[in-house]
Amino acid sequence: MPSPTPNDIRFARVAALADADTDAPMDVAARESAAADAGGQEALDQRITEQNRLREACSRVMDSPAHRCPDALRAQLTQAHTPPPAVIGRIMPSRWIGAVAAAALIAVSTVAVVGALKTLRPGPQATSMSIVQVINTDQAARFDRRHEVCGSDPSALFQNQLFPETLAGLKNGLTDVLDGSLDSVQLDLSALGYRYRGAGHCTVPGSGAVHVVYGNDQGQALSLWLRPDDGRLDLAQGQVYGPPADGPQAGRIMVWRENGMVLYLVGDLSEDVEQARPQLALHPA
Amino acid sequence: MDSEAFRELALEEMDAVYRMAMHLGRHPDEAAELTQETYLKAFKAEGRFELRDHGVRPWLFKILHNTFYTRMGKRKREPTIPDDWIHTATPSPQDEPPPAWDLQHLDWEQVDDRLKNAIEELPDHYRETLLLWAVEGLKYREIADVLGVALGTVMSRLYRARGILTTQLADYAKEHRITPSPPS
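Going line by line, the protein sequences match chains A and B. For the first sequence, the tail end lands on 285 under our numbering, and the numbers increase by one without skipping. For the second sequence, the tail end lands on 184 under our numbering, and the numbers increase by one without skipping.
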């Protein structure tokens, strides 16, 4: 292999920095340096956008329903790794009452712990609405990360499959992509100061999802994901779900089911998420 | 973390583990066996798991990766690219931009099958790295931990993998004169 030329090294550096930016955004100094090497900010942004699109495309084509865990295997694994009920063997009568009391104490403790894990305590800015955990910390972090990336640059991840630039045209785009009848979908958050900024395919919640991004004048963003409800999440109609109560996304991510769709709402501020959620509605034709 | 919480977290990742097992094993039976073995080992080693920011997924992938390569009887020392490759190697001929620059006019919707085939044809260590990054959403450092390689190796594998994909897609787009469809 011939020795690399200065030009080769320059391109390699730009590529490495741009690629790394899709993993964790560069700081100002690194971005300026990369932009200089790339021949300008525009060229660097283009490179980053292309890498993001490639990542999205890879995710889309390699995450097919055929790659979902089969139900039989799922049931088998769940059953195999569920602890068997406690077996009380030959317990002397004098010890029996103590054993029952201990079992009752364990049961009450378990219920309390599970309840604490599953119920999100409303923060100072939240209402008393009960939110049950349905996504774990890792999943919440993925939503949060994607919200942060697309919220700052909605054009980055849309793979040229652009939805209309205005909210008015979004309904038809969603109807086509989500294969549902969304006759009078209500996705306007302008009353809260959030304007529609763009929408595109996204695989964070799973295949066939759409990510809608809003922004306000203060530079804050709201992200709404919609995907057809495939039943993978056991969501009750009218119930709002969220991430673990003790995680960094508590209060900023809400999940619910509505008219055959699962909706995920993520925001920079928990109070904005809370106010925005009732504004969003999907009405069947 | 108590066993019950660990169990819930781990079982929630079944789809991701099975998906990765399918990509590695390339057959549903192989994927099912890999998934079962991964969970068996994970629950046996539960005491060694530490819940950090990334959750349980990377840890399960690490077990899956080791299980797969053990099953395949592959050598532990995979071919790797030096960590400093990215700063010294030759990515493209002199005065020619890297292939990724040619993709600005690509209509991604029209190249799905081509892209899928191109990914399937990648060398195993490039393909696994790319899938952990693109499909499973892992960060470079997490991927390095899963694969047991240096961070620079992850970067260079991704750089190589993306280079191969973009070259193939650019060639395909040129051959088929694919241009972006206008926004609807």
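Bear in mind the hints are in silico, worked out from the structure with no lab data behind them. There could be a bad hint or two in this list.
[As the list claims (entries may be wrong)] Taking lysine to aspartate or glutamate and the EDC-like style, the derived pairs with C-alpha atoms no more than 20 Å apart in a straight line are:
(1) A/K171 x A/E258
(2) B/K139 x A/E148
(3) B/K62 x B/E37
(4) B/K139 x A/D27
(5) B/K41 x B/E4
(6) B/K62 x B/E50
Results of checking the hints against the structure:
1. A/K171 x A/E258: holds (16 Å)
2. B/K139 x A/E148: Holds: B/K139 and A/E148 sit about 15 Å apart, inside 20 Å.
3. B/K62 x B/E37: Since the Cα atoms of B/K62 and B/E37 sit roughly 12 Å apart, the hinted pair holds (cutoff 20 Å).
4. B/K139 x A/D27: Given pair B/K139, A/D27 holds - Cα atoms ~17 Å apart, limit 20 Å.
5. B/K41 x B/E4: The given pair, whose Cα atoms are some 16 Å apart, holds under the 20 Å limit.
6. B/K62 x B/E50: This hinted pair holds, its Cα atoms lying about 14 Å apart.
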